[in-house]
Each structure stands twice: as C-alpha cells, then as structure tokens.
Amino acid sequence: MIQSGEQRLAGEPKRVTQEDMDRFEAVAGMAAGSGDALAGPVNIHTDSDKARSMGLASPVASGQMSFAYIHELLARHFGADFRQGGELGVTFLKPVYAGDTVTAAGMVGQVHRGKADNGRGEERATFTVEVWVENQRGERVAAGEARVTVPSPLT
Amino acid sequence: MPEDRVAGEPGTLYDRLVVGEQLGHLEYIVTEELLAQFRAAVGYPEAAFPHLAVKEYIEVLRRKHGTLDFISAKHKDRYFHPPIVGKRVQVSGWVREKYQRRGRDWLVVETLAIDEDGREIVRSEHAFLVGGLQGDAA
Chain E
-9 MIQSGEQRLA GEPKRVTQED MDRFEAVAGM AAGSGDALAG PVNIHTDSDK
41 ARSMGLASPV ASGQMSFAYI HELLARHFGA DFRQGGELGV TFLKPVYAGD
91 TVTAAGMVGQ VHRGKADNGR GEERATFTVE VWVENQRGER VAAGEARVTV
141 PSPLT
Chain F
32 MPEDRVAGEP GTLYDRLVVG EQLGHLEYIV TEELLAQFRA AVGYPEAAFP
82 HLAVKEYIEV LRRKHGTLDF ISAKHKDRYF HPPIVGKRVQ VSGWVREKYQ
132 RRGRDWLVVE TLAIDEDGRE IVRSEHAFLV GGLQGDAA
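For the record, the sequence lines run as chains E and F. Its first residue numbered -9, the first sequence is counted upward by one per residue in the working numbering. Its first residue numbered 32, the second sequence is counted upward by one per residue in the working numbering.
Some clues are possibly wrong.
Unchecked claim - Straight line, CA to CA, 27 Å or less: simulated DSSO-like cross-link-like pairs of lysine-lysine:
id : chain 1 : residue 1 : chain 2 : residue 2
1  : E       : Lys40     : F       : Lys95
2  : E       : Lys84     : F       : Lys118
3  : E       : Lys84     : F       : Lys107
4  : E       : Lys40     : F       : Lys105
5  : F       : Lys95     : F       : Lys105
6  : F       : Lys105    : E       : Lys84
As the list claims (entries may be wrong) - If you want a taste of the chain E side facing chain F, the calculated C-beta under 7 Å gives, among others:
id : residue
7  : Lys4
8  : Asp10
9  : Phe14
10 : Gly76
11 : Val80
12 : Thr81
13 : Phe82
FYI, nobody ran anything at the bench for these hints, they're computed from the structure. Ideal Cβ positions, reconstructed from N, Cα and C, are used throughout, including at glycine.
With the hints as extra help, turn the sequences into a complete structure.
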C-alpha cells in the first residue's frame, strides 16, 4: 500500500504481439455484437492496408492497450480504491507496433490528507500519480495522471 | 473511401456532428468469455475489465452515423463500480467538443456506462483525430 509521496511504481514489461492486438480488438467486436472471439473488427490495429491508408507504417496497438497497462499498474498498487472512485487521464504520444515491449510506470507525487465528511472521522488520503508507458527504447508512448483517494468514498 | 468518411468537407459526417448531440446507444452483457478475452489480450489475469475495452466512444458514434476513421489522442476515465459478470451494461454517449487544430479535425466524445441496476460503472472522455496522418512526416 502506498503511504507517502515520491514513490515510484513499476509495472511488468509487456511484449505486444499482433495476436494480442487482434484479441483486444475482438473484445470490442464481441461487446458491440459484431463479432466473436476469433473475428474482430478490421481497422488500423488489425489490418496492414487499413493502417497504411491512415498514414501508418503498419498496424499499431490501440492506445487503449497502453491505457489498460497503466490501469493494471494502479490496480495492483491501490486495489479497489482505484477501481471504485479512481480517475485516469492519458495522452497517446507515439505508436506501439507489434514486437514492441512496453512498460507502465508511475511516480506518486502530491498527497492530500484529510478527514472524510461521513461523520465517522475516517482519515483519507488523495494521491496524484504521474503515469506513463515507455517502450524498449525508453520513449514514452503514453503519459498522463491518475488520482486515487484511499479509502475510496465509494468502497 | 465513402464521402461520409472524409473529414473536413461540407456535408461530411464530421460536419454533421453537433456539439451536445446524443449519440447511439450500446448495450451488452459482461460475460466470462468477454472477460477472459480481455485478460488474455492485456496479459493480466486479474484484470477486472476496468474500462470495458469495447471502445464505447466510437461504437456510440458508429451506431448513429456510421464508420468514422480516427486515431486516438487522449482518454480519460472516472471509475465508479466495476462491471459485474452476467449484468447488462448500457452505454450512452454524446459529442462533447469538436475543433480544428493544425488544419485537422478533432472530436471529443463523452460516454457514461451503467449496469442494468442503474449502478454507474465509468464515465469516459475520448479525444481523437478524425481521418489519418497522411502528409505527416513519418
């Protein structure tokens, strides 16, 4: 559990494959009712021709995959307090291609402590966390900020 | 490419979008299969299907106006309650903002997902570049 500011959070390296990208897109297709686990949408994440038509060298991983890696990082460190009440904002900076290895990381910065206004005198801390995903070359492919209150008012 | 997929021209899909406009409605059931697929894709066996991963922002747009080519720029979520397997999720969305920057068309779509019991799951804001990167230096 995070106790104070200036603490670095490190995620696990993820090697992104075209199979992962196809599977991720298939989730969207399944939920949208337009596909199944084997046949996801044809888009810049799954199809070379489509990617080239949009000015990309080859299919790129959805920014939502980087978003999910940051989500995992925060869920591992803050648990239910992040999943219920947390906020995460990310800007996608560079494309992630099949074969890239990316790692989510964060730095806990500002911590605001106070009492909850629920009449029980409960102590609460709100953490602001700088987050990012970098590739195997050390380039940030996504970056942003998260905010988590512990314990969450929603738990 | 069909006419209504070309951004920035009179009468195109992008031009027809109105700020504040309600977009299409998406409903789906969170199944074990969906959750397993998501967990496998992100390599995290304990993933709680955090942000639904269904690109609901583009799906609500597609359901009303058809396909739009885009590249994601920013995404912001606020989480309320994780979705529950077996429950139906309902997603509504609307156009939050549209603007031009550096000669390109940008769109911001906001969505709210709730479950069949009315529990709020996640509120999201997604900004994307309409069209592609043609003409940009690689």
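Results for each hint:
Straight-line distance between C-alpha atoms of Lys40(E) and Lys95(F) comes to about 22 Å, which keeps the hinted pair within the 27 Å bound. For the given pair, Lys84(E) sits about 36 Å from Lys118(F) by alpha-carbon distance, which is inconsistent with the 27 Å threshold. With a CA separation close to 17 Å, the supplied pair Lys84(E) and Lys107(F) stays within the 27 Å bound. For the hint pairing Lys40(E) with Lys105(F), the CA-to-CA distance comes to about 21 Å; that is within 27 Å, so the pair holds.
Taking the CA atoms of Lys95(F) and Lys105(F), the gap is about 22 Å. The hint holds against a cut of 27 Å. For a cut-off of 27 Å, the pair hint linking Lys105(F) to Lys84(E) stands: about 12 Å separates their Cα positions. Interface restraint check: Lys4(E) against chain F, minimum CB-CB distance 5 Å, threshold 7 Å, status holds. For Asp10(E), the interface hint holds, the least distance from its beta-carbon to any beta-carbon of chain F being 5 Å, beneath 7 Å.
Because the smallest distance between the Cβ of Phe14(E) and any Cβ of chain F comes to about 4 Å, under 7 Å, the interface hint for this residue holds. Checking Gly76(E) against chain F: minimum C-beta separation of about 5 Å stays under 7 Å; hint holds. Interface restraint check for Val80(E): the shortest CB-CB distance to chain F comes to about 6 Å, inside 7 Å, so the restraint holds. The restraint placing Thr81(E) at the interface with chain F holds, with a minimum CB-CB distance near 5 Å, inside the 7 Å limit.
Look at Phe82(E): its Cβ gets to within about 5 Å of chain F, closer than 7 Å, so that hint holds up.
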